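Got chain A sorted already, so can you dock chain B onto it with the hints?
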Amino acid sequence: MAAQETKHWLVRPRTIRLLWIGFSVVLAALVLADTFVHGHPSFGLEGTFGFYAWYGLATCVAMVIVAKLLGMWLKRPDTHYDDDID
Amino acid sequence: MTTTSISLITPGVWLVLGALLLPAVPRRFRAVMLIGLPVMTLWLVWTLPNGASPVLQVLDYELVPVNSDALGRLFGIIFALMAVGGGIFALRQKSTLELVAATIYAGGAVCVALAGDLITLFVFWEIMAIASTTVLISSKEQRAVRAGMRYFMVHIFGGSLLLAGIVVHLVNTGSLAIEGLDAGTLGGGLILAGVLLNAAAPPLSAWLADAYPEASYSGMVTLSAFTTKAAVYVLIRAFPGTEILIFVGLFMIFYGIIYALLENDMRRILAYSIVNQVGFMVTGAGIGTEMALNGAAAHAFTHIIYKALLLMSAGSVLYQTGKRKCTDLGGLFQSMPITMICGVIGALSISSFPWTSGFVSKSMISQAAADEHLMMTWFLLMAASAGVFLHAGIKFPWFVFFQKDSGLRPPDPPWHMRAAMILFASLCITLGVWPEPLYALLPNPVEYVPYTVPHVVNMLQLLLFSGLAFFLMLPLMKRSLTITLDVDWFYRKLGPWAADRAVEFVTAAYRRVEAEGRLRLEGILALLSRYAGPHSVAARTPESSFMVLFVVALLCLLLFLPILVW
Chain A
148 MAAQETKHWL VRPRTIRLLW IGFSVVLAAL VLADTFVHGH PSFGLEGTFG FYAWYGLATC
208 VAMVIVAKLL GMWLKRPDTH YDDDID
Chain B
637 MTTTSISLIT PGVWLVLGAL LLPAVPRRFR AVMLIGLPVM TLWLVWTLPN GASPVLQVLD
697 YELVPVNSDA LGRLFGIIFA LMAVGGGIFA LRQKSTLELV AATIYAGGAV CVALAGDLIT
757 LFVFWEIMAI ASTTVLISSK EQRAVRAGMR YFMVHIFGGS LLLAGIVVHL VNTGSLAIEG
817 LDAGTLGGGL ILAGVLLNAA APPLSAWLAD AYPEASYSGM VTLSAFTTKA AVYVLIRAFP
877 GTEILIFVGL FMIFYGIIYA LLENDMRRIL AYSIVNQVGF MVTGAGIGTE MALNGAAAHA
937 FTHIIYKALL LMSAGSVLYQ TGKRKCTDLG GLFQSMPITM ICGVIGALSI SSFPWTSGFV
997 SKSMISQAAA DEHLMMTWFL LMAASAGVFL HAGIKFPWFV FFQKDSGLRP PDPPWHMRAA
1057 MILFASLCIT LGVWPEPLYA LLPNPVEYVP YTVPHVVNML QLLLFSGLAF FLMLPLMKRS
1117 LTITLDVDWF YRKLGPWAAD RAVEFVTAAY RRVEAEGRLR LEGILALLSR YAGPHSVAAR
1177 TPESSFMVLF VVALLCLLLF LPILVW
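Sequences listed follow chains A and B, in order. Per my numbering, the very first residue in the first sequence carries number 148; after that it's consecutive. Per my numbering, the very first residue in the second sequence carries number 637; after that it's consecutive.
Hints are computed from structural coordinates only; laboratory data are not their basis. Treat the numbers as computed from the prediction; the structure is a model and nothing was measured. Hints may be right or wrong, so weigh each one.
Said to hold, decoys possible - Going by beta-carbon spacing under 10 Å, a handful of chain B positions derived as facing chain A:
hint, residue
1, 731
2, 732
3, 1003
4, 1007
5, 1018
6, 1027
7, 1038
8, 1048
9, 1090
10, 1096
Built from N, CA and C at the ideal position, the CB exists for glycine as well.
Isolated chain A, as found in the complex (with noise of 0.2 Å):
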């Protein structure tokens, strides 16, 4: 306990978990501004319900599985090229 109390008061497991509500509330208004604001949609699929949020999301979360599939292949060591250095 004591070890918790001495952590900076934005790590302490307590602070981390009101940031997640409180940003899973920002996200949930977010999303619901939807409702009321009302761009003018380029394409069919912008117009979509909370299509930012979703998309956001979804592409993200595909960048990062594209990254790791690569990395499977691609990653070295990163003394890799240190031999070039007598």
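For chain B alone, kept in the frame of chain A given last:
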């Protein structure tokens, strides 16, 4: 074109010449030069009227050292402004060579932005290549010197393409004008290839992440600004609306994101993200409408500021801890609050968060794509905007300043480094909430309104859900002591390997030929020695009586020969 009040001496030259005096200036007056010279240049560019300088006749060519218009001034201003910030940040840099080279480099960039013909442009382009290599290798660390040599070779190649293109273009058209080049002609195509190489476009994008992160803590701040953005400037001026640039740009965008996601070195993350951001500008140049070109130019302007800010933040961490790897860092927010806050402002700006500078510039490019009904481009740009937040906007600050506690408690860096960061962070916010002064500098009239309720809500959704993806996927993004192979593998591993094999092959072939030749030679020598060697008939010493007999016989023959013939 008027030739009224514009001098032949292009403003950037003052930076180049001033830099050469720097080593002679006592160290305590150096700050005056390092900040004063760029401030003076900034003022000279800012107050430059539209128009061209008098023509300079060199051999058969008519050179125009200065041709000032909104686009050139915009880039000249941001290059000079960057030199001011970079100078403040680097005040404590011990390497005089780096400071001299960095100042010449900035001066060269200002000259490129204002150059009125292709030859002037090329000359300053190459000055930039030499100066930037010098910035890199001035740290004298072996890794940096090696990387500097690779960097130099790639850029010499790019410079050759550019020069070849200029020569072909000049021979075919007789024109040295930078405007309206056609990528479909041989000359135009070569020029485009040379310029794209400097923009870190594929296939040789790897030079950037290979070289820049090996520079000193202040060197990389300087390097991040000029070469790629000078290339963007030429693309906007010479190749607007060249369709292939859209594809090249989109490739760069996703290449930058994917490689940055895999990277562990904080400055290599930021290097890949330069390629990513330049990709947005290249795409904008490719779309080529007034809005898109405005967007590309504005994005270059804001990008130089927030990228320098991010690298100042990373440079401060490197300066204070000597560490670059995310696996060694973390928890620094506790002892480096100013560096962290400035880094976060840079990270939000690069992510185009509302009320930061990236928001008012990048959205013009995606809006241009929508206006032109480029659906795929638009959807990819949106995905990329989310991806920027992922790979740079959160990843950089998270792994450097937060995540696990590394136990490191370095203080914020010296005052001038903090001052440079605060200056650029303020610019990011100011341009974000008050974009009109930037819009007024753009090459085309701006009707774009960035702050509408739907736009802000949409972007916040996109970015915050991208943030959600980051934290949900955090286990997949655990840092490891790895790098990711890139095209530089071909010339760092495959090339040397192939050269080694070639040398081995040639050596073996030579040995074979030599051995066979030796055998044949020995045969010939044996033959010779049999008939003409020391023990052959020819080499024997005959007895003198035999010789007398032989001579008498010969004389008799001579005596009777005429009779016989008769």
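Against the structure, the hints:
Hint on residue 731 of chain B is violated. Least Cβ distance to chain A is approximately 20 Å, over the 10 Å limit. For residue 732 of chain B, the interface hint is violated, the least distance from its beta-carbon to any beta-carbon of chain A being 26 Å, above 10 Å. Interface hint status for residue 1003 of chain B: upheld, as the beta-carbon distance to the closest one in chain A is roughly 9 Å, under 10 Å. Here the hint on residue 1007 of chain B is kept, as its CB sits about 8 Å from the closest CB of chain A, short of 10 Å.
The interface hint given for residue 1018 of chain B holds, since its Cβ lies 6 Å from the closest Cβ of chain A, which is under the 10 Å cut-off. Taking 10 Å as the C-beta contact cut-off toward chain A, the hint placing residue 1027 of chain B at the interface holds, the least distance being around 8 Å. At a threshold of 10 Å, the smallest CB-CB gap from residue 1038 of chain B to chain A is about 8 Å, leaving the interface hint in force. Against a cut-off of 10 Å between C-beta atoms, the interface hint on residue 1048 of chain B is violated, since the closest Cβ of chain A lies about 16 Å away.
Evaluation of the residue 1090 of chain B hint against chain A yields a held restraint, the C-beta minimum of about 3 Å falling below 10 Å. Checking residue 1096 of chain B against chain A: minimum C-beta separation of about 6 Å stays under 10 Å; hint holds.
This entry does not satisfy hints 1, 2 and 8, going by the numbered hints stated previously.
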